[in-house]
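S.K.: Each chain, letter by letter, is given below.
Number of protein chains: 2
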Amino acid sequence: MTHLNFSVTVLGSNSAIPANGRFPSAQVVNIQEQLFLIDCGEGTQIRMSDFKIKRSKINQIFISHLHGDHIFGLPGLLNSFALNGRKETLEIFSPKGLERLIDLIFETTDAHQSFDIVFHEIDTEQHQLIFQNEKVKVYSIPLNHRIPTTGFLFKEKPFPKKIIPEKIIEYDIPFSKINEIKQGADFTRNEGLVIQNTELVFEGKPPRSFAYCSDTSYFQKIIPFIKNVDLLYHEATYMEDKVGVANERGHSTAKEAAKIAKLSGAKQLMLGHFSNRYKNLNPLLNEAKEVFENSVLAIEGKTVAIDFS
Amino acid sequence: MTHLNFSVTVLGSNSAIPANGRFPSAQVVNIQEQLFLIDCGEGTQIRMSDFKIKRSKINQIFISHLHGDHIFGLPGLLNSFALNGRKETLEIFSPKGLERLIDLIFETTDAHQSFDIVFHEIDTEQHQLIFQNEKVKVYSIPLNHRIPTTGFLFKEKPFPKKIIPEKIIEYDIPFSKINEIKQGADFTRNEGLVIQNTELVFEGKPPRSFAYCSDTSYFQKIIPFIKNVDLLYHEATYMEDKVGVANERGHSTAKEAAKIAKLSGAKQLMLGHFSNRYKNLNPLLNEAKEVFENSVLAIEGKTVAIDFS
Chain U
1 MTHLNFSVTV LGSNSAIPAN GRFPSAQVVN IQEQLFLIDC GEGTQIRMSD
51 FKIKRSKINQ IFISHLHGDH IFGLPGLLNS FALNGRKETL EIFSPKGLER
101 LIDLIFETTD AHQSFDIVFH EIDTEQHQLI FQNEKVKVYS IPLNHRIPTT
151 GFLFKEKPFP KKIIPEKIIE YDIPFSKINE IKQGADFTRN EGLVIQNTEL
201 VFEGKPPRSF AYCSDTSYFQ KIIPFIKNVD LLYHEATYME DKVGVANERG
251 HSTAKEAAKI AKLSGAKQLM LGHFSNRYKN LNPLLNEAKE VFENSVLAIE
301 GKTVAIDFS
Chain V
1 MTHLNFSVTV LGSNSAIPAN GRFPSAQVVN IQEQLFLIDC GEGTQIRMSD
51 FKIKRSKINQ IFISHLHGDH IFGLPGLLNS FALNGRKETL EIFSPKGLER
101 LIDLIFETTD AHQSFDIVFH EIDTEQHQLI FQNEKVKVYS IPLNHRIPTT
151 GFLFKEKPFP KKIIPEKIIE YDIPFSKINE IKQGADFTRN EGLVIQNTEL
201 VFEGKPPRSF AYCSDTSYFQ KIIPFIKNVD LLYHEATYME DKVGVANERG
251 HSTAKEAAKI AKLSGAKQLM LGHFSNRYKN LNPLLNEAKE VFENSVLAIE
301 GKTVAIDFS
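Top to bottom, those sequences are chains U and V.
Residue numbers for the first sequence follow our numbering, so the first one is 1 and each next one is one higher.
Residue numbers for the second sequence follow our numbering, so the first one is 1 and each next one is one higher.
It is worth saying that the hints were derived from the structure and are not from the lab.
Cβ atoms here follow ideal geometry from the backbone N, Cα and C, with glycine treated the same way.
A hint or two may mislead.
[Stated by the list, open to error] Dumping the calculated EDC-like pairs for lysine to aspartate or glutamate here, alpha-carbon to alpha-carbon at most 16 Å:
1) V:Lys57 <-> V:Asp103
2) V:Lys157 <-> V:Glu134
3) U:Lys279 <-> V:Asp50
4) V:Lys96 <-> U:Glu107
5) U:Lys96 <-> V:Glu107
6) V:Lys96 <-> U:Asp110
7) U:Lys96 <-> V:Asp110
8) V:Lys279 <-> U:Asp50
[To be verified] Computed Cβ-Cβ distance ranges for the label pairs, DEER-style:
9) U:Val118 <-> V:Ser7: 31 to 37 Å
10) U:Lys221 <-> V:Gln32: 53 to 59 Å
11) U:Thr303 <-> V:Asn59: 41 to 47 Å
12) V:Thr303 <-> U:Lys221: 51 to 57 Å
13) V:Glu121 <-> U:Asn294: 54 to 60 Å
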């Protein structure tokens, strides 16, 4: 059922400076074949080519904060959209300040826009619905970093209920009534007998969710917003021996990320935004696993699929 | 004699959009172990890591024009300099408009500058000396593109003359006189006889030169400025069947680049700034070679050394 895909592909996993073969932050979320880009560090469009991501399928970009390692790939990506003659409107969700910068970049580089960009400013103090379409709702998650920063919660919309096939035969339900029953209606037979909806249907697949939390220091306030999330991406810039540096700079350790995963009841944790100092990332993974076993590293090119639980 | 190195390393060779594994424009010139960066497309700092270029050794950056594919790597590179605690002043030479953009980028991304940047605005209508130090002079070259664009001519300063060893013995020249003779002085013997400088010295190594001409349409006016250059980098965005498109967009074909090389008496030609449409670049090289045999392709990671002729 590829049309019910829900997966996250890592394009960049490093913090601050590209190093050790790792690019700065960027991820692509695929929800039922709709692509959403989260953050756009330098080289994001190059990574998209490397990993065969069809950039034209992206209509929404979510930017967590305006530090360079999360946005310096944006001018190139937007420029390439224009050079490819993109026509579809692009929506960009970010903290305040991006529109003015993008405007000056276009002006300075004499870029000719072939498409409209709609900028949505996010209030980074609020947990609120910032985008929805027929498949998904996206919520902001207030994070605790050096500058205004937001995380993102992607939640699938509920799947429709399914009719129990045997009941269609038992009560001779006509085809014309199927849709309204799926949406919750009772069924009234010709002789006036009402069959309760709950007797006729079973629940659709459980909607899945993904939370992106970067950059942030250890911040328990996010826990209610990401309760029972299927996949939590949480930054893990440092190992535990650098917990002081982490907190000072508005970052987390791998162990702190794991604590958040555990306390929020996440099903899986993905660690990322690694400091340059770590060439080998396994020690970070091990520290996280001591607290939360189902942890994985954000590896560029790797796709983590979220299955129905 | 590695301290007399003069070489050009290609970091990015593609036009407009990174594609076919090729990055946008950037080159590093090494002149006697001083590094100069020319253009800075997206991913330049990533390419520097790939090819083990020590970015901290760069103190001058030369930007040909303000199209995105020549500058979108600059914010990330400057940011990395700051994050690495750079202290040395950085000089950036470019057409007007860059300083304002860089200022807003730093402001928007809350970047903390650890070093000074001196911006030098280039008059893209003039061929003039824009930089010199003890090793090299750099001149602007007016190019013909859609927006104000300049090329760059790197010319080594003359090497000092050398004293003919036999003459030191023949005329019993004291050590204290050696330096002034190297600089052109005659030598007066004790008995009053004057030995002409030309009898005592031979010329030092011939100074070498490199010209960077991108982006530009076929533009004969540059020929006097690049006369007899050792290595000419000239853009070759298209093949000859696209000469109309090339001229319309302010670009050149490989054959046109070769004509410029031939007419200017260049010793070697390097072609670059390739259109995405060319996955295989050999047909471009072949078209150039029909006009100018000593042509090579700009291949990322490749270093072209300029030897003494």
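S.K.: Now tell me if each hint is right for this structure.
M.R.: Here's how the hints hold up against the structure:
no.	hint	verdict
1	V:Lys57 <-> V:Asp103	23 Å, violated
2	V:Lys157 <-> V:Glu134	7 Å, holds
3	U:Lys279 <-> V:Asp50	15 Å, holds
4	V:Lys96 <-> U:Glu107	13 Å, holds
5	U:Lys96 <-> V:Glu107	12 Å, holds
6	V:Lys96 <-> U:Asp110	13 Å, holds
7	U:Lys96 <-> V:Asp110	13 Å, holds
8	V:Lys279 <-> U:Asp50	15 Å, holds
9	U:Val118 <-> V:Ser7: 31 to 37 Å	48 Å, violated
10	U:Lys221 <-> V:Gln32: 53 to 59 Å	57 Å, holds
11	U:Thr303 <-> V:Asn59: 41 to 47 Å	42 Å, holds
12	V:Thr303 <-> U:Lys221: 51 to 57 Å	53 Å, holds
13	V:Glu121 <-> U:Asn294: 54 to 60 Å	56 Å, holds
In terms of the numbered hints stated before, the structure departs from hints 1, 9, listed from lowest to highest.
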